[in-house]
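Colleague: Each chain, letter by letter, is given below.
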Amino acid sequence: GAVVSQHPSRVICKSGTSVKIECRSLDFQATTMFWYRQFPKQSLMLMATSNEGSKATYEQGVEKDKFLINHASLTLSTLTVTSAHPEDSSFYICSARRNGTQYFGPGTRLTVL
Amino acid sequence: AQKVTQAQTEISVVEKEDVTLDCVYETRDTTYYLFWYKQPPSGELVFLIRRNSFDEQNEISGRYSWNFQKSTSSFNFTITASQVVDSAVYFCTLRGFGNEKLTFGTGTRLTIIP
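Residue numbers (my numbering), protein chains in the order written: chain W, 2 to 114; chain E, 54 to 167.
Treat the hints with care, as some may be off.
Unchecked claim - To be clear about the criterion: a stretch of chain E counts as covered by chain W if any three or more of its residues have a C-beta under 8 angstroms from a C-beta of chain W, and this derived list gives those stretches:
1) 114-127
2) 151-165
To be verified - In silico lysine-lysine, DSS-like type, Cα no more than 27 angstroms apart, as pairs:
3) E:Lys154 x W:Lys42
4) E:Lys69 x W:Lys67
5) E:Lys154 x W:Lys56
6) E:Lys154 x W:Lys21
7) E:Lys69 x W:Lys42
Source of the hints: derived by calculation from the structure; they are not laboratory data. Glycine included, C-beta positions come from ideal geometry on N, C-alpha and C.
Using the sequences plus the hints, can you model the full thing?
Modeller: Now the structure itself:
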């Protein structure tokens with residue numbers, strides 16, 4: 002069964018609005034979660050590492066003020082895309098590590114009009 | 054630095070044929086972990102297998118088998134008697150010991166033709 006859930010699966014929003022994506026680990030605690038972005042026909046690109054109770058670690062080139070990450074509990078991390086623009090349209094995927102293996106959520110397809 | 058190379062960008066085979074997906078990796082870590090994930094059209098990455106660097110046993114799971122060759126830094130994946138449901142993008146990934154991040158290959162898009 003699913004190990005990591007993600008919500009929503011799809012979201013369409015207007016340019017300038019903010020969108021929040023939730024990532025939950027199911028039946029296990031995850032002190033660390035990961036957020037990826039995937040463009041069509043490309044591999045996954047790590048955006049940031051989310052750490053429970055502390056600030057996220059962002060990869061080079063990722064704007065931390067645009068992609069806000071909050072890891073408030075051991076089972077929930079959220080990614081908020083602030084002031085979204087059409088170029089933020091993408092497939093966002095989260096993952097959590099359990100016993101050394103990363104398990105991925107089903108992804109969120111964001112479309113910014 | 055770590056690197057994973059999946060030289061095959063796209064592969065198409067007729068149903069019931071066997072197919073092997075290649076994966077070559079580079080790492081300076083003496084202990085590391087290799088993974089294969091399947092990404093079907095729905096988008097969710099499905100974990101298939103994890104292999105520790107100190108365990109060179111090959112593994113078989115139903116129609117799937119993996120060949121880990123440390124001497125050639127390869128971790129190839131074979132699907133026997135392919136089925137249409139095997140159509141997906143397959144990613145080979147690497148994680149060094151003590152490193153939380155995964156290094157992804159570019160993926161191989163496998164299409165099984167009915």
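Colleague: Against each hint, give a clear statement of whether it holds in the structure.
Modeller: Outcome of the hint check:
For the stretch 114-127 of chain E, the proposed coverage by chain W is not satisfied: 0 residues have a C-beta within less than 8 angstroms of a C-beta in that chain, short of the threshold of three. Coverage of the stretch 151-165 of chain E by chain W holds in this model, with 8 residues showing a Cβ closer than 8 angstroms to a Cβ of that chain against a need of three. As the CA atoms of Lys154 (chain E) and Lys42 (chain W) are separated by approximately 21 angstroms, the hinted pair is consistent with the 27 angstroms bound. A C-alpha spacing of about 47 angstroms is found between Lys69 (chain E) and Lys67 (chain W), which places the hinted pair above 27 angstroms, so the restraint is violated.
A threshold of 27 angstroms between alpha carbons decides the hint, and for Lys154 (chain E) with Lys56 (chain W) the separation of about 17 angstroms falls inside it, so the pair holds. Pair hint Lys154 (chain E) plus Lys21 (chain W) holds up; C-alpha atoms about 23 angstroms apart against a cutoff of 27 angstroms. For the suggested pair Lys69 (chain E) and Lys42 (chain W), the alpha carbons sit about 26 angstroms apart, so the restraint of at most 27 angstroms is met.
Hint check: violations occur at hints 1 and 4; the rest are consistent with the structure.
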